[in-house]
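Per the numbering used here, residue 1 is the first one in the sequence shown, and the count goes up by one each step.
No lab work stands behind these hints, which were simulated from the structure alone.
Some clues are possibly wrong.
[Claimed, not checked] Derived EDC-like pairs: lysine to aspartate or glutamate, alpha-carbon spacing no greater than 20 Å straight-line: (1) Lys13 / Asp386; (2) Lys381 / Glu432; (3) Lys383 / Glu459.
[As the list claims (entries may be wrong)] Restraint ranges, calculated between C-beta atoms of paired labels, are given here: (4) Arg237 / Gly405: 38 to 46 Å; (5) Glu32 / Ala144: 14 to 22 Å; (6) Glu148 / Val406: 54 to 62 Å; (7) Asp408 / Glu161: 45 to 53 Å; (8) Gly282 / Pro218: 45 to 53 Å; (9) Lys260 / Ser456: 31 to 39 Å; (10) Glu302 / Lys322: 23 to 31 Å; (11) Glu161 / Arg363: 27 to 35 Å.
For each residue, glycine too, the CB sits at the ideal point set by N, CA and C.
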Amino acid sequence: MRSIIIHEVIKMKRLFGTFGVRRLANEVLTPEFASKLAAAYGSIVDGKIAVGGDTRTSTVMIKNAVISGLLSSGCDVVDLGILPTPAVQYAVRNYYDGGVIVTASHNPPEYNGIKFVDADGIGIPDYMEEEIEDIFFQKKFKRASWNEIGHLTVNQGIINEYQEEVIRRVDAEAIRKRNFRVVVDCGCGAGSYTMPYILRKLGCSVVTLNSQPDGFFPGRDPEPVPENLSELMDTVRSTGADLGIAHDGDADRTICIDEKGQFVLGDRTFALVEKRMLQENGGGIIVTTVATSSAIYDVAEENNGEVIATAVGDLLVARKLKETGGLFGGEENGGLIFPDFVYGRDAALTAAKILEIMAHEGRHLSELVSELPSYYSEKKKIKCPDEIKGDVMKLVAEMVSSEPGVRDIDTTDGVKIFRDDGWVIIRPSGTEPIFRCFAESDTQENATKMAEWGISLVEEAIEKLGKV
Numbered sequence: 001m002r003s004i005i006i007h008e009v010i011k012m013k014r015l016f017g018t019f020g021v022r023r024l025a026n027e028v029l030t031p032e033f034a035s036k037l038a039a040a041y042g043s044i045v046d047g048k049i050a051v052g053g054d055t056r057t058s059t060v061m062i063k064n065a066v067i068s069g070l071l072s073s074g075c076d077v078v079d080l081g082i083l084p085t086p087a088v089q090y091a092v093r094n095y096y097d098g099g100v101i102v103t104a105s106h107n108p109p110e111y112n113g114i115k116f117v118d119a120d121g122i123g124i125p126d127y128m129e130e131e132i133e134d135i136f137f138q139k140k141f142k143r144a145s146w147n148e149i150g151h152l153t154v155n156q157g158i159i160n161e162y163q164e165e166v167i168r169r170v171d172a173e174a175i176r177k178r179n180f181r182v183v184v185d186c187g188c189g190a191g192s193y194t195m196p197y198i199l200r201k202l203g204c205s206v207v208t209l210n211s212q213p214d215g216f217f218p219g220r221d222p223e224p225v226p227e228n229l230s231e232l233m234d235t236v237r238s239t240g241a242d243l244g245i246a247h248d249g250d251a252d253r254t255i256c257i258d259e260k261g262q263f264v265l266g267d268r269t270f271a272l273v274e275k276r277m278l279q280e281n282g283g284g285i286i287v288t289t290v291a292t293s294s295a296i297y298d299v300a301e302e303n304n305g306e307v308i309a310t311a312v313g314d315l316l317v318a319r320k321l322k323e324t325g326g327l328f329g330g331e332e333n334g335g336l337i338f339p340d341f342v343y344g345r346d347a348a349l350t351a352a353k354i355l356e357i358m359a360h361e362g363r364h365l366s367e368l369v370s371e372l373p374s375y376y377s378e379k380k381k382i383k384c385p386d387e388i389k390g391d392v393m394k395l396v397a398e399m400v401s402s403e404p405g406v407r408d409i410d411t412t413d414g415v416k417i418f419r420d421d422g423w424v425i426i427r428p429s430g431t432e433p434i435f436r437c438f439a440e441s442d443t444q445e446n447a448t449k450m451a452e453w454g455i456s457l458v459e460e461a462i463e464k465l466g467k468v
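Can you build the whole structure from these sequences, using the hints too?
In structure tokens form, the structure reads like this:
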């Protein structure tokens, strides 16, 4: 079936990035900042708001400030404690009128962030972010009178309910019969409270790494990339495990290590689960971003699927899934979305689904992945001041418009350049002062060259702007 590219105009905001607000904890993201931001959110929503967060050292401080800001605006608040981001989104979708998640996801420990979600558990839309910013900067907060201040309650049971719901959505008996040996690296993040327990309930023999909650992230950086997962890869090999699983700080992404101890790219596990979902449902709509591998399109074409592409950001994918009644979605970084469960990336269900596929197929992950359409990719990044990102993108698009060998340019998000030997996308980070460059081609050498070319374009643009 045909593929569609959705062009969405993303307005540059003063506080919000791709999803939420992230800043250095207790330098910019102070309790005062957090309380005011939450009060601005509380000024435009009504009802009962759930609040949860990850394991960072600053989370309890920021979470309590968020709760105070919400209460001051008249919202009732339910404190869910420390738990994965998708568990908060699950709780909001089923029981509450909105939610606030205190997390900086994969960022280093000195950062924290605040994510707001709507009643469906989806990140709030642009117009709400802009309204929150206006209230924040103009200090037009809604402040409840003393007798209308909100009430605070606690829900400690949602984390167990979330685990049981994950298990209910896969063929648990088939997984239990295989007695898988799994090594799980939670990165000392929120997944420490869920993933080892889910795996044991699924009958797996579990070896844990970095699965004690610790906001200093002593074992590794929370970003689950190859350079941070050498211990996990070595442990899979040395224990003869069937699978290795790594999460980021708030446990909304799963990266897999196969039985050989090899890192499996997120778009490969995306394609594997996509294939199974389409086969189980006789086809359907798959939503992903412009930065995702061509393999997603190939799998869809082979299995009666239709791919819709959005700008980068899991909340944009989630919104498009809801709008279209999509079957499944995700990103290339190991963040997969199962819209019948959570309108957001869900690490736990991703891991459970991969185990289910392995159980049903009776084969190793490396074999299953080897059968998927094969492309090679390279990722690089370069520093760039936030204030010139828009000008850099515009200049890069102009520079390549007459470049020999360029077949097409897509500006859905950043600048995606199509050439005969593949594509490269150059886009500004929504959370850091950098540009990210993804390239894909038919060989690793070509992918690396294309990524280097993409970085050189950004460097040239920055240099030209510096001379203006």
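Okay, the hints, checked on the actual structure:
1. Taking the CA atoms of Lys13 and Asp386, the gap is near 11 Å; set against the 20 Å cutoff, the hint holds.
2. Using a Cα cut-off of 20 Å, the hinted pair Lys381 and Glu432 holds, with the two alpha carbons roughly 11 Å apart.
3. At roughly 9 Å between alpha-carbon atoms, Lys383 and Glu459 fall within 20 Å of each other, so this suggested pair holds.
4. The hinted window of 38 to 46 Å between Arg237 and Gly405 holds, with their beta carbons roughly 41 Å apart.
5. Taken as a hint, the range 14 to 22 Å holds for the pair Glu32 and Ala144, whose Cβ atoms sit roughly 19 Å apart.
6. Between Glu148 and Val406 the C-beta distance comes to about 60 Å, which sits within the given range of 54 to 62 Å.
7. Judged by the Cβ atoms, the range 45 to 53 Å given for Asp408 and Glu161 holds: they are separated by roughly 47 Å.
8. Separation of Gly282 from Pro218 is about 47 Å and conforms to the stated range, judged on CB atoms against 45 to 53 Å.
9. Taking the beta carbon of each, Lys260 and Ser456 are about 35 Å apart, inside 31 to 39 Å as hinted.
10. The beta-carbon spacing between Glu302 and Lys322, approximately 26 Å, falls within the hinted interval of 23 to 31 Å.
11. Separated by about 33 Å at the C-beta atoms, Glu161 and Arg363 satisfy the suggested range of 27 to 35 Å.
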